[in-house]
Amino acid sequence: MFDPPTPDALILEQISIHQAERCLIALNTRIEPGEILTIMGPSGVGKSTLLAFLAGFLASTFSASGQVWLGNSEISALPAERRRLGLLFQDPLLFPHLSVGGNLAFGIPHGGSKRQRHAKAEQALADIGLTGFANRNPETLSGGQRARVALMRVLLAEPRAMLLDEPFSRLDAALREEIRQLVFKRARDKGLPTLLVTHDQADAKAAGGPVIELTTHKNAAGSDPCGV
Amino acid sequence: MAAANLTPVTPGVFTRLIRLMPVVTLGLLTLPVVAGLAGIIAPALGWLPALGGESLSLAPWQALGQTPGLGKMISLSLTSGLISAALSLAIVLLFIAAFMETAVFRLVRGLLSPLLAVPHSAAAIGVAFLLAPSGLASRLLSPWASGWAQPPDYLFPGDPFGLALISGLVLKETPFLLLMCLAALPQCQASQRLKVARSMGYSPASAFTKAVLPGLYPLIRLPVYAVIAFASANVDVAIILGPSTPPTLPVAVMRWQTDPDLSLRFLASAGALLQLGVTAAALIIWWLIEQLLASLLTCWRINGKRHQAEQLSRWLGGSLIAALIFLLSAALIGLAMWSVATWWPFPAAWPSPVSLGTWQQATTTLGEPFRHTLSIGFAATALAMVLVIGCLEAETLRTRALSSSAITIIYLPLLIPPVAFLYGLTQWQVQFGLSAGWLAVVLGHTLFVLPYVFLSLSESYRRLDPRWSQLGAALGAKPSRVFWQIKLPLMAAPIGVAAAVGFAVSVGQYLPTILLGAGRLATLTTDAVALSSGGDRRLTAVYALTQLTLPALGFALALGLPRLLRQRRSPRHKKHRPLSA
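Those protein sequence lines, which keep their order, are chains A and B. At position 91 of the first sequence (counting the first as 1) the number is 91 in the working numbering, and the numbers step up by one without a gap. Here the working numbering = 1-based position in the second sequence + 228.
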């Protein structure tokens, strides 16, 4: 088993992403351990493209330059699976072929006995108030329960930073607040640098960290984000 | 006005017709299969009044049991079916695991799609000519590398273990399974599943096997079963590549079925029933292995291991697919070389001189089978298209998809050995004096064309944005007008491709043409298979090439025509289009 990773800052150094000559995003920033940076912008501005680039899933129709660092190690040349960035998607995307407990065990790094792994998954469920849910089929869970399990699955994989791709946008208003607080609290407790992309002002406010606003090309007439 | 609107609207002729389509289609598929199976049971028990069998007896089974080499025949069918299906599936899954969402993946998809149109028998003939002792492969290696001045002494095709047969089946089934997987991947959210797993540290192949495959396999299970059924029961590939003493069971059964000695028909019926059992056994064995793996793998999937055999799967998946594309292409090139060869002594790698003599000679005999192939292909495809589009349109009218049991029925002709139920149909022909010939063959082909047309068209038809029809209806168009003037034009491209798929399937059919046409209706495929067992490689190559040109032309038309029409239409709009960089 890994030692608990010492928190490192997530550094985005001179990132720019192009699509067929057109510049979508340019960014140069640093996210400290436990800090939540929010990237705001309307849909279509390329927020998800930025996350895809950071996570290592950038489609070949885009080209990107710049470097991503976790503390002292550069991760932008690594394949997605070696970057150890915990990615939370819009949908919980729990695997339907595994039970709730199986989904959590999927996240736990290899090692330990079957019983230890099981106990770890049970503990994670207890942490989010879902004791006894291990053998349930994910489809029987409510939207909020699924979101919580998805969060725990990511955290069990021991990421060194968190990337949040509008993970609250599909939840109804009452739940959104609850899940938001849970995610932010967990990320801060673990001292993970966290990057949140959203189009919801309330998300940015709740995150309480720095905010970067992206604008579409047409809105900011004449301005080229990559030229700045 | 308001009152008039409240009275229930009686559905129009179009709507009523469309609602009938699923029933008609399912009936048309089930009836021949069930009747065909029923048609072999009685003769297998000695009862066939038309041939003087008027009492029940086990004599046909005793005769079958005394057939020399029966055990070998059965085991050949069983092993070639299971091994070729397992190999094809393994190649496809290894390849997807290693290369999903990469540029290589798109390249291979582009290369393999056209190879799917190559009829089984043409591919088998190509493989036979490529790998035979005096084939292109050994010529290219001789004498400089192998030291062979004479063709070496090994048995291919027709080796006693069925290796040639298995390799021919794998070559044709792998592209089919790969395309089935490609269609199923988006349906199981494969891309998202892969990203979730990889962002948690899983390497690509482990991410695929642990997170994507469990969702993918249920979606391709029926196509896999169809491959097993085909591989264990096919006749044409086994005639060309399989061993001959003894042959595989379906080949032996077909020989009894078409033997001029009518007394063999009782034996043939018993053999057909046995083949049904052998294919069922193959499917059951596969299913048992599936269950075993499923229970073994549950724990393995959540053990947290993230990097397993990554290099190996990448290397194997890539090289196997590359070898497959290379072999198929080389086989086709070899066919082209044989067709223009005059004098081609071993070990010359190139025929010299080349001439079109064989082609010219063939034109005198090609005409009739060419016309038959075309007319049967057109008729069977047209019939299948009407039924499939009717079923899919009925789905949208009922706003729900066909049930899974209906889908299984559509697959039925692909799961039951044709050598069993088609032969049963010929028994009914004999019993009731129905005429064998063109119409019977067209209906027989439709049984096999229809499932493939359905496979090809259903996804794009279901994905068509319902708002187009809603918009049409809101503008006051009746369902028939919405169908003819909105849906069909929007679906023109996939409909064209589905028709090309159907035509290709019909062109490749061997057994239905032989059995239902009572051996009197020659097509390019029946002639090519017949020629392949003779010694004339040049003429066989000409037939095989003509046979594979027809489906290729069909696909070229289906893909090219919409583009041509768009180009013709665009100049008129040019003025109104804003200039873009």
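Take these hints with a grain of salt, some might be off.
Reference listing, derived: stretches of chain A covered by chain B, where coverage requires no fewer than 3 residues with Cβ under 8 Å from a Cβ of chain B [stated by the list, open to error]: (1) 85-94; (2) 110-121; (3) 128-137.
Rather than coming from a laboratory, the hints here were simulated on the basis of the structure. Even for Gly, the Cβ is constructed at its ideal location relative to N, Cα and C.
Any hints from earlier that this structure breaks? Give me their numbers in increasing order, please.
-> 3
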